[in-house]
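*Asks:* Quick mapping for you: the protein sequence lines, in order, are chains F and S. Using the working numbering, the first residue of the first sequence is number 1, and each one after it goes up by one. Using the working numbering, the first residue of the second sequence is number 1, and each one after it goes up by one.
Don't take each hint at face value.
Derived lysine-lysine pairs resembling DSS-like cross-links, with alpha carbons at most 27 Å apart [stated by the list, open to error]:
| id | chain 1 | residue 1 | chain 2 | residue 2 |
| --- | --- | --- | --- | --- |
| 1 | F | Lys15 | S | Lys94 |
| 2 | S | Lys247 | F | Lys69 |
| 3 | F | Lys105 | S | Lys292 |
From the derived model, a few chain S residues whose C-beta atoms are all more than 12 Å from chain F [stated by the list, open to error]:
| id | residue |
| --- | --- |
| 4 | Thr59 |
| 5 | Ile62 |
| 6 | Leu78 |
| 7 | Val99 |
| 8 | Pro212 |
| 9 | Thr224 |
| 10 | Asp235 |
| 11 | Glu255 |
| 12 | Thr330 |
| 13 | Arg334 |
These are calculated hints, taken from the structure and not from any lab test. A virtual CB, placed ideally from N, CA and C, is assigned to each residue, including glycine.
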Amino acid sequence: MDIPRYWRLRNQRYKLEGSRCKACGKLFFPPRQICTKCKKREMEPYRFSGRGTIYSYTTVYQTSERFEKQLPSIFAIVKLEEDVLVTAQLADIQEWAVKIGMEVKMVVRKIYEEKQTGPIMYGYKFRPLIDVD
Amino acid sequence: MQHVMKPNRPVGIVGYGAYIPAFRIMSRDISRLWRNEQDLNYLPIEQKSVPGADEDTITMSIEAANNALARARVNPNLIRAIWVGSESHPYAVKPSGTVVAEALEISPHAVSGDFEFACKAGTEAIQAAIGFVGSSMADYALAVGMDTAQGRPGDALEYTAAAGGAAFIIGPAEQAVATIEGSYSYVSDTPDFFRRAYQKFPEHGNRFTGEPAYFHHLRNSVGTLMEEMALKAHDFDYAVFHQPNTKFPVKLAKELGFTRDQIKDGLLVPKIGNTYAGAAVLGLTAILDIAKPGSRILAASFGSGAGSDAFCLSINNQIEEVRTLAPMTTHYVRRSVVIDYGTYARWRTKIIQT
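With these hints in hand, go ahead and build the complete structure from the sequences.
*Replies:* What follows is the structure, given as structure tokens:
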């Protein structure tokens with residue numbers, strides 16, 4: 001990812017900011033310009049709570065060089081409590097412990113480092129709940 | 001001359017939050033690799049925390065700061081300073097604080113800069129925040145002490161160099177869960193431990209890190225604070241000191257007149273290791289999780305190079321309302337996924353790939 005793109009997307013990467021259709025209320029993540037339901041173009045930013053459950057998951061063992069340090073990685077489709085699906089990596093958990101329906105919470109983690117000298121890309125992942133989370 | 005520092009406007013901790021990574025490596029496994037288990041009888045701790053491959057001081061600071069914000073129940077826009085104290089800032093040039101500020105929706109109306117003072121960078125940030133809020137320049141300031149400490153493979157420090165830390169939102173005393181009654185800082189040029197620019201691992205002076213460094217500076221910071229505030233060890237309900245291993249804080253506490261009971265709740269090092277800038281402040285969060293209103297706490301850090309910050313805090317009634325608004329420190333201590341040395345070496349980039 002180039003630096004301007006990373007900078008432009010920081011609200012969705014750090015804060016899970018999507019969009020909400022002002023006309024019909026439908027929520028989107030990532031944010032969209034046009035509502036897929038009512039086709040209106042009046043959208044406003046919407047920050048998702050970051051809480052959800054695991055809808056499905058898979059483990060990735062082969063990937064491009066920039067993600068190799070974190071392999072194997074567990075990718076999940078998370079159903080947010082606002083009923084929107086988002087694909088993200090899971091954190092702090094090993095594959096044997098992952099269960100469909102498990103409650104998770106969004107956290108900010110390193111996605112990858114652009115080699116030794118480039119920027120560090122941070123973004124959302126999901127981890128299991130800790131007690132009073 | 002009065003040495004203890006008190007701001008014009010009384011201030012305190014309005015929100016606090018801890019963070020410790022989920023992963024642990026057993027000291028026994030480190031010993032097996034480097035010492036053939038010949039030192040099992042005198043290992044400095046049982047196990048230490050290890051950051052995941054996707055964690056660094058910035059990501060950990062965000063989670064601790066989010067916990068602090070949940071407990072503080074203040075609008076993040078009102079927080080006007082973000083100071084992250086660490087010796088493991090991910091960037092050499094580019095502040096850690098701006099990422100934290102962005103993620104917490106604190107930015108843009110804030111000052112932000114990184115603090116570095118070995119293991120006392122976090123309390124240094126707290127001292128600055130006390131001054132910032134105490135002078136009424138702002139109502140709230142966020143101070144973080146967080147580290148992903150590195151130890152050279154096979155070095156004595158590898159047993160203890162761990163990851164974790166805590167975040168504090170400093171604000172007006174009337175809103176505080178703990179009022180800061182006074183603080184004192186003591187520094188001298190003592191090269192007991194350091195890391196030169198561009199070096200991956202620090203160097204230390206072996207036994208020199210004890211008496212002239214850790215003990216001398218803490219003895220003076222705590223001694224001066226207690227003397228000038230006319231307090232004795234028995235006037236405190238809890239005490240927490242920087243904890244590079246189990247032995248040092250226990251020995252210091254005894255020398256200063258504190259009992260094992262007073263220090264046991266803040267002594268996390270046997271289970272998570274030395275979290276450097278996070279060590280004393282994490283111990284403080286563990287105490288804040290359980291202390292009753294009216295209790296008095298002594299918290300003192302030590303940073304190599306060298307210096308010590310000592311704080312006297314008193315717990316307010318509001319503490320009971322905020323504890324359960326974020327995960328407690330013991331919850332982070334208890335979640336524990338044990339990994340082997342190979343995984344640890346890979347994640348901590350101790351394996352050189354050419």
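*Asks:* Just checking, glutamate 255/S versus chain F, shortest CB gap more than 12 Å?
*Replies:* holds, 36 Å
*Asks:* Non-interface claim for isoleucine 62/S: all C-beta distances to chain F beyond 12 Å?
*Replies:* At about 5 Å from chain F, isoleucine 62/S fails to clear the 12 Å cut-off, so the statement is violated.
*Asks:* Does lysine 247/S pair with lysine 69/F here, judged by a C-alpha cut-off of 27 Å?
*Replies:* With a Cα-Cα distance of about 36 Å, the restraint between lysine 247/S and lysine 69/F is violated, given a limit of 27 Å.
*Asks:* Checking the smallest CB distance to chain F, is threonine 59/S really beyond 12 Å?
*Replies:* violated, 5 Å
*Asks:* Decide if the proposed pair is consistent with the structure: lysine 15/F and lysine 94/S, CA atoms, cutoff 27 Å inclusive.
*Replies:* Holds, because 20 Å separates the two Cα atoms, which is no more than 27 Å.
*Asks:* Just double-check valine 99/S for me: nearest Cβ-Cβ distance to chain F has to come out over 12 Å.
*Replies:* Violated: least Cβ distance 6 Å, not greater than 12 Å.
*Asks:* Far enough from chain F: is every CB of that chain over 12 Å from the CB of threonine 330/S?
*Replies:* Violated: least Cβ distance 9 Å, not greater than 12 Å.
*Asks:* Say whether it holds or is violated: aspartate 235/S keeps its Cβ farther than 12 Å from all Cβ of chain F.
*Replies:* holds, 32 Å
*Asks:* For arginine 334/S, is the shortest beta carbon distance to chain F beyond 12 Å?
*Replies:* violated, 9 Å
*Asks:* With d taken as the least Cβ-Cβ distance between threonine 224/S and chain F, does d exceed 12 Å?
*Replies:* Holds: least Cβ distance 38 Å, greater than 12 Å.
*Asks:* In terms of Cβ atoms, is chain F entirely out of 12 Å range of proline 212/S?
*Replies:* Non-interface label on proline 212/S holds, nearest chain F Cβ at 37 Å vs cutoff 12 Å.
*Asks:* Would the hint linking lysine 105/F and lysine 292/S be met if the CA-CA limit is 27 Å?
*Replies:* Outside the cut-off at roughly 30 Å; violated.
Hint check: violations occur at hints 2, 3, 4, 5, 7, 12, 13; the rest are consistent with the structure.
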